[in-house]
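Residue numbers (my numbering), protein chains in the order written: chain A, 75 to 251; chain B, 1057 to 2058; chain C, 309 to 724; chain D, 91 to 183.
Keep in mind the hints are simulated off the structure, nothing from the lab.
Remember, it's a predicted structure, so these values are computed and weren't measured experimentally.
Any given hint could be a false lead.
Residues of chain C clear of chain D, computed beta-carbon distances all greater than 12 angstroms [what the hints assert, rightly or not]:
no., residue
1, R311
2, G327
3, K361
4, G374
5, D452
6, S471
7, D473
8, R521
9, G523
10, R537
11, N586
12, P608
13, G617
14, V621
15, C651
16, P652
Per label pair, the in silico range of CB-to-CB distance [said to hold, decoys possible]:
no., chain 1, residue 1, chain 2, residue 2, range
17, B, P1419, C, G374, 45 to 53 angstroms
18, C, G374, D, L124, 16 to 24 angstroms
19, A, A224, B, E1891, 32 to 40 angstroms
20, B, K1976, A, E158, 56 to 64 angstroms
21, B, P1946, C, G557, 30 to 38 angstroms
22, C, G557, D, L124, 18 to 26 angstroms
Yeah, the Cβ is synthetic: ideal placement off N, Cα and C, and Gly gets one too.
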Amino acid sequence: MADTMQDIPVAIAALPENGKLILRADAQNADIRAAIAGVLTAPLPVEPLTSMAGDKATALWLGPDEWLLLCAEADRAGLQQALEANLADLHASVVDVSDAYSGFAVTGPKAAELLSKGCAIDLHPVAFAEGKVVRSLLAKADITLLRTAADFQLYVLRSFAAYTRLWLDDAAREYRG
Amino acid sequence: MSQSHRLPAGGRIDRSRSLSFTFDGTRYSGHPGDTLASALIANGVHLVGRSFKYHRPRGILTAGSEEPNALIQLGLGNRTEPNIRATQIELYDGLTAASQNRFPSLEFDLGAVNDTLSPLIPAGFYYKTFMWPQRGWMTYERAIRRMAGLGRAPDGPDPDRYEYRHAHCDVLVAGGGAAGLAAALAAGRAGARVIIADEQAEMGGWLLSEGDTEISAKPAVDWVEKAVTELAGMENVTLLRRTTAFGYYDHNWLGLAERVTDHLGPYAADHLPRQRLWQVRAKQVVLATGAIERPLVFGQNDRPGIMLAASLRSYISRYGARPGKALVVFTNNDSGYRTALAAHHAGIGVAAIIDSRAEASGPLPQSARAAGLRIYEGHAIIATTGRLRVDSVRLGRLAASGDRIEGAGFGIPCDLVAMSGGWNPNVSLFSQSRGKLDFRAEDGVFVPGQSFQPLRSAGACNGVLSTADCLAEGFAAGAEAAREAGFANRKPAALKVTEPDCPAAAPFWLAPPEKPLARAKCFVDFQNDVTAADLKLAVREGFQSVEHVKRYTTTGMGTDQGRTSNVNALAIVSATLGMEMPAVGTTTFRPPYTPTSFGAIAGRNIGALFDPVRRTPIHEWHAAHGAKFENVGQWVRAWYYPKPGEDMHAAVNREVKAARTGVGILDASTLGKIMVKGPDAAEFLNRVYTNSWLKLGIGKARYGLMLGEDGMVRDDGVTVRLGEDRFLMSTTTGNAATVMTSLEDYLQTEWPELKVYLTSVTEQYATITINGPKSRELLAALTDDIDTGNEAFPHMSLREGTVAGVPARVIRISFTGELSFEINVRASQGKAVWEALIEAGAPFDITPYGTEAMHVLRAEKGFIIVGQETDGSMTPDDLGMGWAVSKVKPDFVGKRSLTRSDTVREGRKQLVGLLTEDPKEVLEEGAHVVQVALQQPPMAMLGHVTSSYYSPNLERSIALAVLKGGRALIGKTLSVPMPDKVIKVTVTEPVFFDPKGERANG
Amino acid sequence: MRRYSILALARNALGYHEGWERAWRAPEPKPEYDAIIVGGGGHGLATAYYLAKEHGITNVAVLEKGWLGGGNTGRNTTIVRSNYLWDESAALYEHSLKIWEGLSQELNYNVMFSQRGVMNLAHNLHDLRELKRRAHANRLNGIDCDFLSREQVGEYCPLINLSPDIRHPVLGATLQRRGGVARHDAVAWGFARAADARGVDIIQNCEVTGILREGGRVTGVETSRGTIRAKKIGLVTAGHSSVLAGMAGIRLPVESHPLQALVSEPVKPILDTVVMSNTVHAYVSQSDKGEMVIGAGIDPYVSYSQRGGFNVVQDTLHAIVEMFPMFSRLRMLRQWGGIVDTCPDASPILSKTPIEGLYINCGWGTGGFKATPGSGHVFAHTIARDEPHPLNAPFSLERFTTGRLVDEHGAAAVAH
Amino acid sequence: MLTIPCPWCGERDVHEFRSGGEAHLKRESRTDNLSDAEWADFLFLRANPKGEHAERWYHVHGCRRWFNAVRNTHTDTILAVYKPGEAKSEVSQ
Ligand SMILES: Cc1cc2nc3c(=O)[nH]c(=O)nc-3n(C[C@H](O)[C@H](O)[C@H](O)COP(=O)(O)OP(=O)(O)OC[C@H]3O[C@@H](n4cnc5c(N)ncnc54)[C@H](O)[C@@H]3O)c2cc1C
Ligand SMILES: NC(=O)c1ccc[n+]([C@@H]2O[C@H](COP(=O)([O-])OP(=O)(O)OC[C@H]3O[C@@H](n4cnc5c(N)ncnc54)[C@H](O)[C@@H]3O)[C@@H](O)[C@H]2O)c1
Ligand SMILES: Cc1cc2nc3c(=O)[nH]c(=O)nc-3n(C[C@H](O)[C@H](O)[C@H](O)COP(=O)(O)O)c2cc1C
Ligand SMILES: [Zn+2]
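So here's chain A without its partners, still in its complex pose (with noise of 0.2 angstroms):
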């Protein structure tokens, strides 16, 4: 096994419990990206594929009205009554689903080849740049993507945790020779 982490090809961890919330709103409309950039100190990012980092969340484009919303846990709570608050006389949704989906950070220098092996997306540092986010499949797991400065990180739907686990795992098995 390697010693440092640069040589590490890939390692993959389960992220630690955070606050995630699905919004649904039309970004359309400018009262409610007025009404959820001053919660999330940063506008809404309305380009598809893209995410946008605030003061107190993330926000990744799952589709031109939703969006997945990533905070601490502590701050789960006063996010969505805050974003309740201030949606509250126009037509949105703000779910908790923190206990819905899963989270895995995949990093090295083979996460992109290890992920490739059963995600269809090209992920290619010209192609999926840092903050780019889909939403898409990783062998037959539903995954919602999201490439950071530091990792990929991938949410899967609880229920689906040990299988994305038992797979990522296995497919790294080539890099552990």
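Please arrange chains B, C and D with the ligands on chain A, whose structure you already have, making use of the hints.
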């Protein structure tokens, strides 16, 4: 162990190391760089297999993946592989190979009796016989199957691993010969992301085999090495050796199969996959797949020792092997002379060059003449002799027409025949891509014409022959492809190439044999033993479409897919029909290019990764407490919890009783849950459910039926109103995803005006049902902020508060008829809350119950399960649930279908209960009910048993059934005919227990 | 028609097989026929054969746009069985199976009908319930059907992965012993030869491009080889049914989808029966030549391209390798696709149409090969008598208006 | 294998999508007035053309949006994709 037929020098083999291998039990040796075929040849072994039908002795025809004859059983036990081409097996130490399709031995094969019988069994003979007696075919078939089949399947499960890899590139280059390398260089230098794949161990294609070709005044292999080094150094280029582009699918999606460790045999590292399936989406494709030499069709052209001329050069130059001592070349073009010269220089005696052309005058024939080689112009081979290997050829002078021999034939002894009929561009992938082929009459070849996808062909596969042209086309194709993909570049300078000039061949399709054609054994498809006579027979019998010829004779249907034979077959068919070849047309090219292992295509998606197992947040508790599980779709649910010594029956009875007398606890977390939010949420539910939703009070729950537009019941569940604009819907476990998809469909496309958002929260919550007269007490013990009293917390209502100290949504609903609470908590807290309930329930002897007990409990109440009482053909009314269908709503999904003539007709199947005469007798689910059981079928069936259980509460068996006109049959006695007996049943209302519904209040 | 037999073979061997006559003639189309069958697949050819044989209507043409049997008849996995759920289907398919049992002799053409048994696996309680339901229905309809326990499955077909620890363990199976496979091409050729011998004109490379009508009834067809008249026209064009019906202004409750299949390289006999599984989505048999013939799933979108997505083949092979782990090292030799015409209820249409003299036989979807002889038989009756045979009466076009579908979807059988 | 350009997510493999069949079928909201035959037409009858086909797709393993596409069903070439509510003719040209 001496390699008797190894040339003293030359070749790309590593002579410093020896590898030992066995073939049919005999030990031989070879060198790294050898294929099994070249090593066998170096050891003087030519006979390597038996043909499919006639079991004729066969040798090595080619040096590449087009090999039809030399099919080998490679390896042993669970790792054995049938039908592997010896020409593609890289030698490793300890390799074990065996010949196939022979018994008892390769030299003496009983199956060869078929060869003797061959006059009796021409193409398609089996359609004409084996018809008597009527069931006789089952006996004949057994014998026929044993004779067929080639190699053996492995003995057991595959011990190796297979991987997938998805990839994207700007330019994919298939083939790494002169053209492919040039294309990859051009595209790579332009900065495009390039993948170049070649099926061989080394890049270079034919350049590796041509000792007499120079590029930039150096041996061609030097250029290959330089090119490969440059490509390997480019970060934007992926070089894949031992990788076959096997399939060219729609939208420039290609499949590549990489053999990662096959060439290492047992020395492969454990962590590496055996093979890897690349799934490539390419912006542009360059096909550089080369050309395949065409055999000549003549009498007994299939004997071991007869091979393709360029392949012979390959064995000499690339592998340093000497396939024989006395060579006869049979050719219709100059490249046969190139082989003769190469053999001559390697010290192989050249007995004769037989040229079907009246005159051969190019530079190569002249060199051959100058070297003193004997040339027979205007001659053809008309027969060969030799039992297990060719030992002579007979030739004759061709009449000017080319279809007759003039004068007497004569023999020339030899042990090696090289034949060259010209070159067929390797257009498989191009055709797979839907590209159209053009016919080039002068040399009788099909070349790529109009293409349908973003691709270009370059080099020999594009009908180009000289290395200089192949390189030039390759560079140009690579540069253009890169440009189309958005990478500007300069046109590379042309390279100077010296090589003998080999102009295209004039076609020569069938050498007139010495014997009548029907006996002459002029093989066209070597693997499937299809002769020119078979093709003509097919045409004579009216099988005139090339597709009919293929299927009637099986030509081109072998493991080589007719790579060496299809064009010859087509030419013979065309000539027989008196039609032009392009008018007859080729058969359809289909993937894979060469056979591709199931393992690679399956990847790691087997065993534990075959299908995800979804477990609830409380699963571990169930497992730790001895639960048996059942699969429900991808979910695994606790089925029942046997105590030591209990069988299923006892356990379920205990669980069922407990749920009605004390308190039972059920993990219902798998139920689908959807948050429905928005000002139009109630209106939306009103349209997707059959009943009314507008007036449901906040904090209230209601049961709903969902139909398809065809009026049939698709799903059901309880939905609660959380707020003015907010509902929490539940669906059945199996339909959660389908319902979500369908609801989004209606919202996004049919009713975009409705302001509603949906969010699936199935997995956000653990759902725990406590059920039974003691459930209220239990709940009360664990909550201090929910008033559990009957009035304060009525049936079909919701309360939010805490349970076991955890925020919870509690809904008072019942799927059993008992007092029952459904507690929803965050999934991460599910197990803790469950454990708290178990602990607090100890005084009431709380009993966990599984899906089986749940089914019994609901059946006692006559509650349906979607997918069990329904099968896509039941309306609400059929199920006795007309009460759940609004008569006043203007619209809901499926409404119109409920008034079609068939949905309102008499005699539809209706849900009823059944009671057996013998209360101990439990009907079989799926059994059918008849009015009167007859001695013999057929019997008119009224319907079937959908659910059937022993009910410990009723101390008897109960069943639900759907019967034609069922409700009118209540009170009647009917029969259930089983294979061994007839069971009498009485039809009842479907509700067996507490018909007044008094127990739900505890 | 000169009879085929072992003696005829021997006799012809002496004459270097120069003496065989054409299996069917290649006549020029006549200007008019009593009846025209559009589509030279198994169903069309069988229809023509039975029109001639059972109804004495011999002035018949079969018009085929390409080569006989080049549609789904030539690309199916050849599974023959009759263990359908609903009475209507069971009766129709059993009618066909009975004809299969004597078909080689009837046609004097060996269609190699191999009654090696068809097994349907159950992997969970729901499967078990549904298979039992079907098995009991079959028994009461007089159709042979055994129910096998897991152990019996192992005895009958030892190759199947019977480990209880796999994701979808085998819990049992139904077995129809009279089911099996047949040589698909031979079915087309055998019917063609026998129909030809009774005077039917079989015309290949003749594409129907229009349907001629006058006052609500058909009068003929426009083809790539000219106009041909007839007062009765049967459309039997499987994947292209909507295209043909469209020519007569009729919309059908049919969608055309790619259905794929593949074969492995041939190996010595190891699999002696047909194995089908709905839950893991795999079905396989071994051909007489030794290939594993494997049916893949249906591609979910409409397409006439006779090819589908590789992902469907991948999914199929996941299942095959999971169920037959020793097949992992076998290799795919060829894959292909057909165009199947699917009905909403997974049952066929054998029906009169709103246009007088126009009849349609379609909608067999993924499973009509097995019905070839029976379908031809009852469809010939429908055309000859201008009224359905009792066996195909339930399979009319009207059922989509009334709602009286014969829904074989939920019947836990892969529809092959 | 089809690559489908989702109007939002760009090109994705076909297996990320669910096919929704023929597009632009009109579902009447007041169905009582429809005859059995008209209703059957909506429920079951399909154009099923060999050639240009306006069809529905759901990006189920992506943005979870329904959208329309025009595809040549003979060649499987995708000619256009457009969002629900947009008319086919606007994009076909
Ligand atoms: C991969 C695959 C596997 C299958 N497996 C099974 C199985 O295991 N068991 C089973 O029972 N069934 C199976 N089926 C289904 C079965 O193949 C078909 O239901 C059956 O063969 C249909 O026969 P047919 O004669 O109606 O159609 P086809 O054989 O398709 O014949 C229709 C003919 O009409 C011709 N035609 C079309 N348009 C025109 C025109 N305009 N003018 C003239 N002619 C025209 C076509 O060229 C074609 O030859 C499978 C199908 C496929 C594709
Ligand atoms: N008269 C003759 O002797 C003669 C005739 C034709 C070609 N040639 C010579 O052959 C060379 C042709 O060059 P070229 O590059 O066009 O062809 P090539 O045959 O040299 O190279 C083609 C390469 O493609 C590979 N390949 C083929 N199909 C593949 C697939 N599906 N997947 C992966 N790899 C695949 C082959 O292994 C081979 O290495 C020239 O040097 C030419 O002069 C000579
Ligand atoms: C039951 C069955 C068995 C087949 N066996 C073989 C075979 O052994 N070799 C082969 O090349 N093709 C085989 N095929 C496939 C055909 O070659 C061909 O792909 C198929 O009939 C579809 O035609 P097409 O590919 O020309 O479109 C088989 C097809 C069927 C239906
Ligand atoms: Zn999308």
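Structure-based check of all given hints:
| no. | hint | verdict |
| --- | --- | --- |
| 1 | R311 | 42 angstroms, holds |
| 2 | G327 | 43 angstroms, holds |
| 3 | K361 | 33 angstroms, holds |
| 4 | G374 | 14 angstroms, holds |
| 5 | D452 | 34 angstroms, holds |
| 6 | S471 | 28 angstroms, holds |
| 7 | D473 | 28 angstroms, holds |
| 8 | R521 | 19 angstroms, holds |
| 9 | G523 | 21 angstroms, holds |
| 10 | R537 | 26 angstroms, holds |
| 11 | N586 | 20 angstroms, holds |
| 12 | P608 | 4 angstroms, violated |
| 13 | G617 | 4 angstroms, violated |
| 14 | V621 | 10 angstroms, violated |
| 15 | C651 | 8 angstroms, violated |
| 16 | P652 | 5 angstroms, violated |
| 17 | B:P1419 - C:G374: 45 to 53 angstroms | 47 angstroms, holds |
| 18 | C:G374 - D:L124: 16 to 24 angstroms | 41 angstroms, violated |
| 19 | A:A224 - B:E1891: 32 to 40 angstroms | 37 angstroms, holds |
| 20 | B:K1976 - A:E158: 56 to 64 angstroms | 58 angstroms, holds |
| 21 | B:P1946 - C:G557: 30 to 38 angstroms | 33 angstroms, holds |
| 22 | C:G557 - D:L124: 18 to 26 angstroms | 21 angstroms, holds |
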